[in-house]
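Protein chains: 2
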Amino acid sequence: MKTSNLLLATQRENPSDAETVSHQLMIKAGLIRQVAAGIYNWLPTGKKVLRKVEEIIRKEMDSSGAQEILMPMVQPTSLWEESGRIQQYGKELLVFQDRHERSFCLGPTHEEVITDLCRNVIKSHRELPITLYQIQTKFRDEIRPRFGVMRSREFIMKDAYSFDLSPEGLDKSYSTMKEAYLNIFHNLGLEYRIVKADSGAIGGSDSEEFHILADSGEDLLAFSDSSDYAINAELLVELQDEQDPNSLEGKPSPDGKGNLLLKKGIEVGHIFKLGRKYSESLKLRVQGDDGDVYPEMGCYGIGASRIIAASIEQNHDEKGIIWPKSLCPYEVVIVEANPKKKESIKNTCEEVYELLASNNVDVLWDDRDKRPGVKFTDMELIGIPIMIIIGDKSTEDNKVEIKVRLEEKTERVSPQDILQKLSEIS
Amino acid sequence: MKTSNLLLATQRENPSDAETVSHQLMIKAGLIRQVAAGIYNWLPTGKKVLRKVEEIIRKEMDSSGAQEILMPMVQPTSLWEESGRIQQYGKELLVFQDRHERSFCLGPTHEEVITDLCRNVIKSHRELPITLYQIQTKFRDEIRPRFGVMRSREFIMKDAYSFDLSPEGLDKSYSTMKEAYLNIFHNLGLEYRIVKADSGAIGGSDSEEFHILADSGEDLLAFSDSSDYAINAELLVELQDEQDPNSLEGKPSPDGKGNLLLKKGIEVGHIFKLGRKYSESLKLRVQGDDGDVYPEMGCYGIGASRIIAASIEQNHDEKGIIWPKSLCPYEVVIVEANPKKKESIKNTCEEVYELLASNNVDVLWDDRDKRPGVKFTDMELIGIPIMIIIGDKSTEDNKVEIKVRLEEKTERVSPQDILQKLSEIS
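Protein sequence lines correspond, in order, to chains A and B. According to our numbering, the first sequence holds residues 4 to 429 in order. According to our numbering, the second sequence holds residues 4 to 429 in order.
Chain A extracted, bound-state conformation (with noise of 0.2 Å):
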């Protein structure tokens, strides 16, 4: 791809409503626009890391043996009304009525049209054990969306649903989605911790979340010091009637191993065990053995857009975004630092460009009329990891500069080695 067809979309100056710096760098980086409060378009850089982040995802639930489906985001809110939990909702559920007056509403979620759906097509125990999962868009009409796409309106999320037929089928079908979650935030390669959690509205029992590490976290999330204990702080607070999340540091890990730490962290993923809480009130029933059986339900949610937000306040310096590789929008930049428009400049480019994309390095070429320092300063916004620069000195010693994002120092290697030496920083 060459910048001069690129929507690249970068800006200097810091969005006025942008109060968190994934906010920030988002909007400068040229990865999303805001269309109204809380709504986004996503831009092609934008789009191209959601699309990596939803396969990463989708690689992961497909080889659980989860299978992949589409439900609508638009539900009717009788679905709602039989589970109860259109009261429950509140105003985060974006009623509205058809022109036929008769009510929906935008999903936030889907237990309801899932344990619907399930409830006309599964017949048998047999066809049980079950996963199903989408990766969609969804809506939560929150009273006040801010910081870009982590707290947005319109939102993507993978949602996942399980069914069985039996408690200890729950508790199989739920570790085999941690473990598929597990590789999925390996895969990130963010940082990240699995901690206990309110089950809050969705409803049922044992709940964990993943959060991705990050100062600027909301949720402060605590862990023992010397085992694998860690919690939600203010489900800890709430447990041991204490006031203050913050007291709670040093203090002795509930599980009698050390004392506990505090950190901060932005929840990305969520799993539950929901147990019979929809399919009772749904009915949904299927022939077992000894008559009919409430299946067991679990449900799984990633926040795929949140993730993306989440990972740049992870990874950022003064500069821009700090990609983990298994996100950046692109690999390579060839920077062409070419302001007299030299053909000689040129064709070192599109020579270095044909080598890398027929060697599948996903490379962007900056070929756009502007200043070397215009095109380093946008580049190491959007946080490219590796730029390669083709100026006039390229032409005398037949060598190009290539430049890691994370350092300081350049080196000059011929076209010839370049690939040899990408190899060796990646």
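It should be emphasised that the hints constitute simulated quantities derived from the structure, not laboratory data. Please read these numbers as outputs of a predicted model, since none were measured by experiment. Everything hinted at is true.
Remember, identical chains collapse to one label, so a pair may be satisfied in a single copy or spanning two.
Each computed BS3-like pair below joins lysine-lysine, with the alpha-carbon atoms no more than 25 Å apart:
hint	residue 1	residue 2
1	K50	K126
2	K126	K344
3	K5	K396
4	K373	K126
Based on the hints, put chain B in the right spot on chain A.
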């Protein structure tokens, strides 16, 4: 994938509300299930086909130089007031208020949002031409949704928008997009026609429709029997002040070459030259060499979910769906005909399954505890092109039976010859 892990959801009964063959077959083959009028769940088999359609479209859009973005489903109606379309669109535009009583709508199309985006980010004529696209969920509040996903309310579209500095530039962008469409329809492997069309409610001048031919199509298309001339018959009737489109059959072609033939089609793609309708009404201006310019826009849609229904209308028989190679949910199904649950039969199935999977054949293994006849009926209904039947006889002669969906005769081959045989078939 094994069917024992798959939400197959096939059924024998014809759904009572399904008037068209594609609607009937999509329900019976377990591709979709209705959630509410005109709103559907895509089940695993259907979602797999949908992903194939999306990937065929995405590949050609990317090759054409168009850039993928993602715009929101929820749009502020203020943009529709600016364009003046809010009245024109009528009740198909589903309008509602959020919790703060601000007015929004569910996007049936995105001319307003993309024009708003471009007026915010494009500053200079040097950033044009540009073509942006998305594959996204849309909503149109049809008064009478019917025919399954053919005329649903929530649906998946690829919509693209081009921005040029001059009408000549628009001609070029339009041609590029038409070329991409030709590739997409070629790769889908369906019989289709391009016809001149009315530009309708979206506004603008030139427009062409892409129709998948099917006797059940709602649109009548008129072609010359001796030239490339082709037009939507409704438009020709209007142009010629005729009454009945059917009366056109056999009349001289308006291009003076030959006589008209009529065929029925299903519109699945539409490309328009919009001109400056939206750039002027929404005040998208860019700095040109001689002052400000309102860009010339084009817009280009493909009904991704609709293509699947149209494909089935074109290709099916009394047994079920007939997929073009590009869209089949699985290439091969292994039917385990094993009523006595013999270990040796299961082992042969496993062996063949591993062989195919490791050679990148997209294979399904029907390992359900069902009679062979039930499995044959299901797999022909779903339309899997090749069946490999492994049963009692296989343990005797160490061969498997290969049956092609569209042929009566079967053939017995040794497991080690399967790959060779498959390559001969396809």
